[in-house]
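Undergrad: Protein sequences, first through last, are from chains F and Y. Residue numbers for the first sequence follow full-length UniProt numbering, so the first one is 1 and each next one is one higher. Residue numbers for the second sequence follow full-length UniProt numbering, so the first one is 1 and each next one is one higher.
The hints are simulated quantities; they were obtained by calculation from the structure and are not laboratory data. Idealized CB from N, CA, C, for every residue including glycine. Accuracy of the hints is not assured; some may be wrong.
[Unchecked claim] Here are some of the chain F residues that sit facing chain Y, going by a computed Cβ distance under 8 Å: (1) 34; (2) 35; (3) 53; (4) 57; (5) 88; (6) 98; (7) 145; (8) 150; (9) 156; (10) 184; (11) 194.
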Amino acid sequence: MASNLPGSVRQFGVALRALLFFTVLLGLAYPLVMTGVSQVVFHGNANGSIVQVAGKDTGSDLIGQAYTQDSGKKDADGNAIMVAGPKWFQTRPSAVDYDGKGSSASQLGPNNADLLAMVEERRKTVAALEGVQESQVPPDAVTASGSGLDPAISPAYAALQVNRVARERGLDVAKVQQLVKANTKGRTLGFLGEPYVNVVTLNNALASN
Amino acid sequence: MSDTAAGLLQVGFLLLCLAAVYRPLGGYMARVYTSDKDLRIERATYKVFGVDSKADQTWGVYARSLIAFSALSVVLLYLLQRLQHWLPLSLGLPNVESGLAFNTAASFVSNTNWQNYSPEVTLGHLVQFAGLAVQNFLSAAVGITVAIALIRGFARAKTDRLGNFWVDLTRTVLRVLVPIAIIGTLVLVATGVVQNFSGGHEVTSVVGQSQTIPGGPVAGQEVIKELGTNGGGFYNANSAHPFENPNGLSNLFEIFLLLMIPVCLTRTFGLMVKDKRQGYAILGVMGTLWAAFTFSATFFENRGAGTATQAAGAAMEGKETRFGEWASALFATSTTGTSTGAVNSAHDSFTALGGGTALFHMMLGEVSPGGTGTGLYGMLILAVLAVFVAGLMVGRTPEYLKKKITAREMKLVSLYILTTPTLVLAGASIAMGLAVARASILNTDSPHGFSEVLYAFTSAGNNNGSAFGGLSGNIPFYNTALGLVMLLGRFVPIVLVLALAGSLARQQPVPVTQGTLPTHKALFVTLLVGTVLIVTGLTYFPALTLGPLAEGL
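Assemble the whole structure, with the sequences as input and the hints as a guide.
TA: Here it is, written out as structure tokens:
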């Protein structure tokens, strides 16, 4: 049909038809079919592993949250300064304040002076809140995660918070420890990734208690 | 179990999984590219395209077809972004500004997936799944077609025909990528990756704060992002985001996906040149380099040097709790040794030498094991260089796979090897000379700032796409400069490889004699590992001393 056109022009015609074909196949059919199948087979996962307390959606099993409260003070820009809610297990520092509409790390380098200052400040704050030595504060408590939405903390950081949460809630330490254990996940298959405590489901369990 | 034992088991399990698919997938791909039968759906497809599947192309026509297809892909992806506000599922986001749209179009068509934007606030669902994800399939397939054409250059004799680009492209998509992607999507959703069209779900937490749980057809895009060694995250945090990579299992599966095709293509290569040992030798070189870099990154991340890192007690800044140092380092080396560029942790916050390992790994030219197709042809180019060096040592005309390496072949190989370093080093130098480009650096108080710029151009020139994310790239200079570097770093080498393939295919094979250098033995593997390290080491060492080495030593 286009055999009398120069080769390069003809190739553009083929390219256009191929691109449109693949866009329909890979850009429309593929996501629609995959979404349809996923919605049927793994409905909960496909929709964000939503977790509930008393029938109300409170978050996602996988997306971390800030368990903070208004300190009553304002920063230089007039925004409320949020501090840790003492009745709750605390998640890690976040570069996006656990805003699900974004996700980011701090991107601060290993020798960055601002990061060093922040780490030291966080160490003091956590030690004061938990009533422990600064040297007992684990690394994940003073570092921001890669996503800013990390729902998990190390078992060491959870253990550090147990006494304070039990005291603030008037619960037995053993009861809180048991809730922590129930929300601790080991490495997948025993060796993939790291063990962690899911703070979102742990705090939901506290709320339903 | 100790961290070290679990970490080593993790690496061992990954290698076991790759070993399990090596023969089946490598053999399957060899059959895909040597079969003369078209599937029924393919015959219908070729009718739509208007191509004769039996008509093999010369290298020139093959290259023009590839360039035409890629050029139109850039245009379509650019237009989709520029018009997104008026398209469905835009989530109310405005049209993407022109400089950024160019950068992103160049980035996804060149298999780089460098992202100067934050997806959550820039792109609606439609542009992601009908634009970016389509290029995740197609750019991966384009890379594979080039590798296959080069293999045919070695395998064929006395012909000027390398195969048909449209047939190779279609078969790669329909027979290789789509079937694996469908299975992989379901595996990822089973681990917790989301797959929906929601614009976000509002919840109120137990402390009464509202939060938006994001949505999107993520799993289907995530799987091809890894499988096609693309790397562009659906979310800004990429594979660190819990909805892209929810746990240790999804993490290992994603690493497996991004290594799978590049590793198995060495088997395809061995089968197609009718000497499987040649494939093992190439895989041996790739594996040696990958293992060395994985060891290096894991060691430095676990050691946790740096003032801020030591104050924290471990290199956990920018890392997810569920991954820790081991799974983060393993991901980092696998993503930079392929051309993937997906990240499950912030490379910018890695220790100086851990992050430097990722940077140097890309500088090797991404051949350990490299991107889909690009890794294999990149390594074969270096293999040609290695036999040339060996030939010089003994004063013989070098041969590789029974083809003579003459002046014409060496000119093409030399140009190939010079292209990327020129783009990377010239680009980084120009950026450091411009105040407006320096102003984008985040970590200004150490040599780390230079590392951010060097990493950006290395990533763009090698079509990787990972970043030292502190660099604010969305300014006209970086949008334009990195966009051009990505396109030139992708398509200049491709044309050179196809020209080389054309030149090799025309030759009559030379008989193997006593004097032929065996290219399947440990001696050659060592020689090739040395060639890779020396060529890239000499090229980039001065730049590395100004960045990661100055900071880390």
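Undergrad: Look at each hint and say if it fits the structure.
TA: Structure-based check of all given hints:
1. Proximity of residue 34 (chain F) to chain Y holds as hinted, the smallest CB-CB distance being about 4 Å (cut-off 8 Å).
2. Hint on residue 35 (chain F) holds. Least Cβ distance to chain Y is approximately 5 Å, under the 8 Å limit.
3. A cut of 8 Å between beta carbons decides the hint on residue 53 (chain F): the least distance to chain Y is about 6 Å, and the hint holds.
4. With a least beta-carbon distance of about 5 Å to chain Y, the hint placing residue 57 (chain F) at the interface is held under the 8 Å criterion.
5. Checking residue 88 (chain F) against chain Y: minimum C-beta separation of about 6 Å stays under 8 Å; hint holds.
6. A least Cβ separation of about 7 Å between residue 98 (chain F) and chain Y falls short of the 8 Å threshold, and the interface hint therefore holds.
7. Taken as an interface hint, residue 145 (chain F) checks out: its beta carbon lies about 5 Å from the nearest beta carbon of chain Y, inside 8 Å.
8. Interface hint status for residue 150 (chain F): upheld, as the beta-carbon distance to the closest one in chain Y is roughly 5 Å, under 8 Å.
9. The beta carbon of residue 156 (chain F) is not positioned within 8 Å of any beta carbon in chain Y (closest approach about 10 Å), and the interface hint is therefore violated.
10. The beta carbon of residue 184 (chain F) comes no nearer than 12 Å to any beta carbon in chain Y, farther than 8 Å, and the hint placing it at the interface is violated.
11. Look at residue 194 (chain F): its Cβ gets to within about 4 Å of chain Y, closer than 8 Å, so that hint holds up.
Violated hints, in rising order: 9 and 10; the structure is consistent with all others.
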